[in-house]
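Respectively, the protein sequence lines represent chains A and B. The numbering of the first sequence is the working numbering, which starts it at 13 and goes up by one. The numbering of the second sequence is the working numbering, which starts it at 602 and goes up by one.
Because the hints were derived from the structure by calculation, they are not lab data. Take these hints with a grain of salt, some might be off.
[Unchecked claim] Using C-beta positions, here's what the derived DEER-type ranges look like:
| id | chain 1 | residue 1 | chain 2 | residue 2 | range |
| --- | --- | --- | --- | --- | --- |
| 1 | B | G794 | A | A142 | 24 to 34 Å |
| 2 | B | A777 | A | R42 | 22 to 32 Å |
| 3 | A | E30 | B | E609 | 21 to 31 Å |
| 4 | B | T823 | A | P172 | 35 to 45 Å |
| 5 | A | E135 | B | D774 | 44 to 54 Å |
| 6 | A | E147 | B | E636 | 31 to 41 Å |
| 7 | A | Q143 | B | A773 | 24 to 34 Å |
| 8 | A | S193 | B | H751 | 33 to 43 Å |
| 9 | A | A139 | B | H751 | 27 to 37 Å |
| 10 | A | Q143 | B | T822 | 17 to 27 Å |
| 11 | B | R789 | A | A20 | 44 to 54 Å |
| 12 | A | Q143 | B | H751 | 30 to 40 Å |
[Said to hold, decoys possible] Which stretches of chain A does chain B cover? Using the computed rule of at least three CB atoms under 8 Å from a CB of chain B, they are:
| id | segment |
| --- | --- |
| 13 | 31 to 43 |
| 14 | 54 to 63 |
| 15 | 142 to 152 |
| 16 | 170 to 178 |
| 17 | 184 to 193 |
Small disclaimer: the values here were computed from a predicted structure and weren't measured. Every residue, glycine too, gets a C-beta built ideally from N, C-alpha and C.
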Amino acid sequence: MWSVSDDALVAGLAAGDEDAASAFVQRFQRRVYGLARTIVVDDRAAEDVAQEAFVRAWRHADAFDHRRGSVVGWLLTITRNLAIDAVRIRRPLAFDPAVLVGLDQPSGEREPHELVQLGVDTERLRAALAQLPEEQCRAIVLSGLLGYTAREVGEAEHIPLGTAKTRIRAALIRLRAALVSEETTE
Amino acid sequence: MSIFSCREVRELAPELALGLLGGTERAEAIMHVDECARCQALVLELTETADALPLLAPELEPPAGFEHRVLSQIHSRRRWNRRRFVPTMAAVAAVAAVAILSVTAVHVVEANNSSSTVPRSAAARAPVAVEMRDTVAGVSAGWAYVTGGHSVAVTVDYGVSSGRYHVQLTRADGGAQSLGTMTVNGNRGSWTGRSARTITRGSTLALVDAAGRAVCHGTVTTGA
Ligand SMILES: [Zn+2]
């Protein structure tokens, strides 16, 4: 079951195949729970979010369209939206956003299998993030990954709202430009 | 037409892509993006990048027994889902009843004000049901009811993230307009309102999110 592609697992999930459902959960539970836990912080709430994300994926599996994106991207978008809905109060950050996304780790630690399945080259995205000014990197990780509003970014970073917005905008535009330019130079 | 210019929308595009805009800004930006292909392309590009960021979250081992609990939830909801149709229809009937009552009230007022009001047939006032399907997944998100070609009731109860959405009408001739804004909370939301233009067969009703994406939609296939 571990050699089966992500798309095939989703097809099995849609068909009500119990082995496929089990393999699907096993394959993605660390990512789904990791993202949920990162956003909601609380263990119990993170598990509720992660469970609901898998239940939704199962309900939507019959119409998943691989041409619109990767399985893991789809699943994590579901997870992120549920997690942001579940967050009521932002606690002070106990970690550095740059460290959170692994900018301090060497890039060779991920398995090649994983890179292929992700659809988006996360190493390339990490490299683009690492090229950003540190304050822009923090702003985009807080908003794009943790779901902070611009106001919450301002509060967490002790900067005015306008500055927070400027950093978020500049960061996303630079990330996009970096990803596009790398695609076209290959 | 949106009050925003292309320059203003391009400035707001990253926040729109990240889902950070709210209220009037978001509504106006969406209206512009709906009608401007260039701004829409930019927002879609930025959305693709924004959507990739969650892939960078660290992986974590879930608590023991997680897989088992997920699988048993799926089993229990599978049975529940078959019965879900009944309460959904009851909810739709309740909303539709409100819509019919409000249309009837309008007719009474019209009748009092003007003797020339043409009475509409009972058939024209019977609500036409439109199933609203999730645009990505194709599953049922809820129902819309069109009564008398103008009165609209929309209710969703599955798979729509909390937030504000435009209730967008696209007529059979391709013209699109926002009929109003609907708030969804805990997957549920309902909205009633009117369309100035007659909603005919072939018209599509959709809920459109901050990034200009139709999260669910349904097309009027009968009557009206
Ligand atoms: Zn424009």
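Enumerated hints in conflict with the structure, sorted upward: 1, 2, 3, 4, 7, 8, 9, 10, 11, 12, 15 and 16
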